[in-house]
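> My request is simple: use the sequences and hints to build the entire structure.
Residue numbers (our numbering), protein chains in the order written: chain A, 1 to 403; chain B, 1 to 293.
Derived by calculation from the structure, the hints in this document are not laboratory data. Remember, predicted model here, so these are calculated numbers, not experimental data. Do not take every clue at face value.
[Said to hold, decoys possible] Straight-line C-alpha distance at most 30 Å; calculated BS3-like pairs for lysine-lysine:
id: 1; chain 1: A; residue 1: K400; chain 2: B; residue 2: K286
id: 2; chain 1: B; residue 1: K58; chain 2: B; residue 2: K145
id: 3; chain 1: A; residue 1: K293; chain 2: A; residue 2: K13
id: 4; chain 1: A; residue 1: K376; chain 2: B; residue 2: K167
id: 5; chain 1: B; residue 1: K91; chain 2: B; residue 2: K51
id: 6; chain 1: B; residue 1: K43; chain 2: A; residue 2: K134
id: 7; chain 1: B; residue 1: K109; chain 2: A; residue 2: K134
id: 8; chain 1: B; residue 1: K7; chain 2: A; residue 2: K375
id: 9; chain 1: A; residue 1: K134; chain 2: B; residue 2: K220
id: 10; chain 1: A; residue 1: K134; chain 2: B; residue 2: K264
id: 11; chain 1: A; residue 1: K400; chain 2: A; residue 2: K375
id: 12; chain 1: B; residue 1: K220; chain 2: A; residue 2: K293
id: 13; chain 1: B; residue 1: K113; chain 2: A; residue 2: K178
id: 14; chain 1: A; residue 1: K178; chain 2: A; residue 2: K231
id: 15; chain 1: B; residue 1: K109; chain 2: A; residue 2: K178
[To be verified] Here are a few chain B residues that sit away from chain A, every Cβ distance over 12 Å (derived from the structure):
id: 16; residue: L29
id: 17; residue: G32
id: 18; residue: L49
id: 19; residue: N55
id: 20; residue: R118
id: 21; residue: N123
id: 22; residue: G171
id: 23; residue: D198
id: 24; residue: H225
id: 25; residue: I251
id: 26; residue: E268
id: 27; residue: L288
id: 28; residue: V291
The C-beta atom is built at its ideal place from N, Cα and C for all residues, glycine as well.
The lines below spell out each chain.
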Amino acid sequence: MNIHEYQGKAILKSFGVSIQEGIVADSPSAAVEAAKKLQADTGTGWWVIKAQIHAGGRGKGKIVGTEQRGVALAKNLDEVSTIAKNILGNTLVTIQTGDAGKQVNKILVAQDVYYPGASPTKEFYMSVLLDRAKGRNIIMYSTEGGMNIEDVAHDTPHLIFKEEIDPRVGLQPFQARKVAFNLGLSGEAFKQMVKFVTNLYKAYDTIDAAMFEINPVFKTSDDKIIAVDTKLSFDENALFRHPDYAALRDKTEEDPTEVEAGEFNLNYVKLDGNVGCMVNGAGLAMATMDIIKLSGGEPANFLDVGGTANAQRVEQAFRIILKDENVKAILVNIFGGIVRCDRVAQGIVDAYKNMGSINIPIIVRLQGTNAVEAKKIIDDSGLKVFSAIALQEAADLVKKVLA
Amino acid sequence: MSVLVNKNSKILVQGFTGNEGTFHATQMLEYGTQVVGGVTPGKGGSMHLDKPVFNTVKDGVTSTGADVSIIFVPPPFAADAIMEAAEAGIKVIVCITEGIPTKDMIAVKEYLKGSGARLIGPNCPGIITADEAKVGIMPGFVFKKGKIGIVSKSGTLTYEAADQVVKQGMGITTAIGIGGDPIIGTTTKEAVELLMNDPETEGIVMIGEIGGGMEAEAAKWIKEHGTKPVVGFIAGQTAPPGRRMGHAGAIVGGADDTAAAKMKIMRECGIHVVESPAVIGQTMAKALGLVTA
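As structure tokens, this is what we get:
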């Protein structure tokens with residue numbers, strides 16, 4: 001589960017991680033008030049206005065039909081108001097949102113951290129994540145902040161460092177010091193970085209995070225170390241022990257059909273293709289998407305109906321898939337093991353009849369227990385449903401209905 | 001011969017008296033698996049499915065000589081159940097539970113080091129040695145006895161592959177569902193190695209998914225040490241980057257964990273890679289020279 005930048009920063013701050021201070025606002029007048037308060041609290045002379053959406057690339061992204069960027073500097077309160085007006089309620093398109101973009105409902109009015117001072121400023125990169133091969137968390141960091149880390153990894157891999165955390169003892173002080181040394185810091189900035197890393201890992205570990213990415217970690221001209229942009233995501237399997245963080249979920253950031261599917265406990269991911277699918281099991285569902293592609297179609301979704309493919313569930317799944325107007329055919333692929341195929345077939349027939357008319361071809365492939373009886377139920381139903389038993393037959397039928 | 005479980009394996013069911021535990025223990029018994037009892041804290045001393053219930057895994061091991069456990073405990077308590085099994089001396093721990101927090105699994109992985117216990121899963125369908133023991137939730141009838149081993153991250157896709165292999169007349173030795181989570185007890189490579197060393201197994205089907213580097217690691221091992229044909233499939237060739245496809249571990253994070261990248265390495269290491277999951281069985285038959293191309 002992802003959260004907004006302003007929420008992530010509030011969590012980090014609660015663990016003693018220094019952040020670029022800011023106040024969230026949902027209207028231009030609130031933005032101006034936020035700017036005034038921030039000036040009083042931090043002494044900032046300028047402000048950075050940051051669109052709050054769950055996607056990166058905001059600084060380069062633009063509000064549809066305008067030149068307004070998703071992150072912009074305001075040098076006076078009039079500019080704060082103008083930028084807020086330009087952004088709020090409008091759609092921001094970035095490299096990560098796709099062409100449809102995302103509506104911005106909130107902005108973060110943040111302090112300007114590039115104020116002049118004695119010491120040169122510096123941007124670093126830092127993330128905390130699971131190393132799957134080792135089964136341990138690592139802190140990954142680089143002197144090259146503010147850039148796309150995959151580009152850094154590709155072009156200058158020697159500038160990326162990793163610190164592996166031993167789960168028996170957690171992050172040790174020598175490791176935090178090593179991070180600060182490797183980033184070339186000394187004096188007050190060194191001390192601040194040790195504290196930053198220590199508290200950052202404590203936050204990651206305590207909240208059951210799946211990933212932290214702080215880019216950039218910024219050294220100010222007075223040697224403070226602060227998180228300027230933050231991406232935090234949670235391990236969804238652990239949200240049961242963090243109801244307060246689970247409540248931070250912003251459903252407006254998610255595809256509405258995916259949200260609806262979730263309410264039916266259907267595991268659904270919307271894709272861009274023209275052939276919908278309904279499958280039992282995640283691996284078989286992915287494999288079915290692949291079959292659709294190999295048959296000349298494009299998968300319109302991932303959908304795992306799980307172990308109980310009864311009429312009610314099948315009907316819910318059909319309704320979810322059919323919300324997508326691009327869907328020109330549906331492939332149902334169920335391997336009936338403990339759940340019997342004839343029962344699933346009856347469920348499909350009942351769901352189909354219950355829904356009235358479905359105007360696109362449906363291919364039903366049922367394999368496993370009572371597959372032959374299941375095929376007969378489908379074939380005798382009189383419905384416009386193609387039936388198959390072998391996976392290859394289903395693939396051929398997809399090809400046929402798309403032709 | 002067989003790997004991990006056989007007709008002599010004595011199985012304890014953790015979470016025995018719950019719905020899932022009861023249903024699947026019944027199925028396992030019907031398959032002929034030696035389920036010797038189960039564990040439900042607080043219900044020790046009672047009987048369930050005509051088998052004894054124990055308060056602790058240790059009690060169960062002491063009384064029955066169990067050497068394998070299967071876990072149907074809900075996610076918040078599953079990590080604890082795994083560690084309890086290891087502490088009690090269980091050699092093969094099969095964890096079916098889906099949804100265990102990653103942080104808990106990091107601790108489990110550390111705890112198991114040097115314990116002598118092998119964990120299969122979590123978030124897996126379990127293990128079946130055809131005609132001998134079903135320690136899992138798979139439909140037993142699909143797995144007719146034969147000569148092909150299966151290693152898979154997925155449940156139903158394993159059944160699909162087994163069904164194709166059986167229909168090609170080859171049959172199954174042992175199928176190992178290793179699980180779809182980011183941290184699992186037994187890797188693809190380790191499971192492949194077990195089957196490669198099993199004299200009854202003549203060919204191996206290896207089914208992976210997007211996410212992580214386990215298939216590449218297995219492929220490199222196969223290139224060095226492989227003595228039997230391996231047919232490979234990676235689910236999720238059409239999955240978009242950054243989206244989780246059902247399984248917690250099935251997510252493309254970078255260039256190396258796409259299906260295309262994994263399939264390329266697997267091909268380079270001599271694995272018979274199929275793009276379509278519909279031809280797993282026939283590809284294995286060809287690889288073994290049972291049919292001509």
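> If a hint holds in the structure, say so; if it does not, say that too.
Verification of the hints:
Restraint check: the Cα-Cα separation between K400 (chain A) and K286 (chain B) comes to about 28 Å, which is no more than 30 Å; the hinted pair holds. Proximity of K58 (chain B) to K145 (chain B) is assessed by CA-CA distance (about 33 Å); at most 30 Å being required, the pair is judged violated. For the proposed pair K293 (chain A) and K13 (chain A), the alpha carbon gap of about 46 Å is over 30 Å, so the pair is violated. In summary, the hint linking K376 (chain A) to K167 (chain B) is supported, as the alpha carbons are separated by about 21 Å, within the 30 Å threshold.
Straight-line distance between C-alpha atoms of K91 (chain B) and K51 (chain B) comes to about 21 Å, which keeps the hinted pair within the 30 Å bound. Of the supplied pair hints, the one linking K43 (chain B) and K134 (chain A) is violated, its CA atoms being roughly 38 Å apart against a limit of 30 Å. Straight-line distance between C-alpha atoms of K109 (chain B) and K134 (chain A) comes to about 10 Å, which keeps the hinted pair within the 30 Å bound. Of the pairs offered as hints, the one joining K7 (chain B) and K375 (chain A) is violated, with about 36 Å between alpha carbons and a cut-off of 30 Å exceeded.
A hinted pair counts as satisfied when its Cα atoms are at most 30 Å apart, and K134 (chain A) with K220 (chain B) qualifies at roughly 17 Å. For the suggested pair K134 (chain A) and K264 (chain B), the alpha carbons sit about 23 Å apart, so the restraint of at most 30 Å is met. Using a Cα cut-off of 30 Å, the hinted pair K400 (chain A) and K375 (chain A) holds, with the two alpha carbons roughly 19 Å apart. Proximity of K220 (chain B) to K293 (chain A) is assessed by CA-CA distance (about 28 Å); at most 30 Å being required, the pair is judged to hold.
For the given pair, K113 (chain B) sits about 27 Å from K178 (chain A) by alpha-carbon distance, which is consistent with the 30 Å threshold. Restraint check: the Cα-Cα separation between K178 (chain A) and K231 (chain A) comes to about 24 Å, which is no more than 30 Å; the hinted pair holds. The suggested pairing of K109 (chain B) with K178 (chain A) holds, with an alpha-carbon distance near 26 Å, which does not exceed 30 Å. L29 (chain B), annotated as away from the interface, keeps every beta carbon of chain A farther than 12 Å; the closest lies near 14 Å.
Its beta-carbon lying about 17 Å from the closest one in chain A, G32 (chain B) satisfies the requirement of being farther than 12 Å from that chain. Every C-beta of chain A lies more than 12 Å from that of L49 (chain B), the closest at about 17 Å, which supports listing it as non-interface. Interface exclusion of N55 (chain B) from chain A stands, the closest Cβ pair being 25 Å apart, more than 12 Å. Residue placement check: R118 (chain B) keeps its beta carbon more than 12 Å from all beta carbons of chain A (closest about 15 Å).
Interface exclusion of N123 (chain B) from chain A breaks down, the closest Cβ pair being 9 Å apart, not more than 12 Å. The claim that G171 (chain B) is not at the interface with chain A holds, since no C-beta of that chain comes within 12 Å of its own (minimum 17 Å). The claim that D198 (chain B) is not at the interface with chain A holds, since no C-beta of that chain comes within 12 Å of its own (minimum 23 Å). Listed as outside the interface, H225 (chain B) is consistent with that label: its C-beta sits roughly 19 Å from the nearest C-beta of chain A, beyond the 12 Å cut-off.
In this structure I251 (chain B) is not separated from chain A by more than 12 Å, as the shortest Cβ-Cβ distance comes to only about 10 Å. Every CB of chain A lies more than 12 Å from the CB of E268 (chain B), the least distance being 19 Å, so the non-interface label holds. Every beta carbon of chain A lies more than 12 Å from that of L288 (chain B), the smallest distance being close to 20 Å; the non-interface claim holds. Chain A leaves V291 (chain B) outside its interface by the beta-carbon criterion, the shortest separation being 15 Å against a cut-off of 12 Å.
Hint compliance for this structure: hints 2, 3, 6, 8, 21 and 25 are broken, all remaining hints hold.
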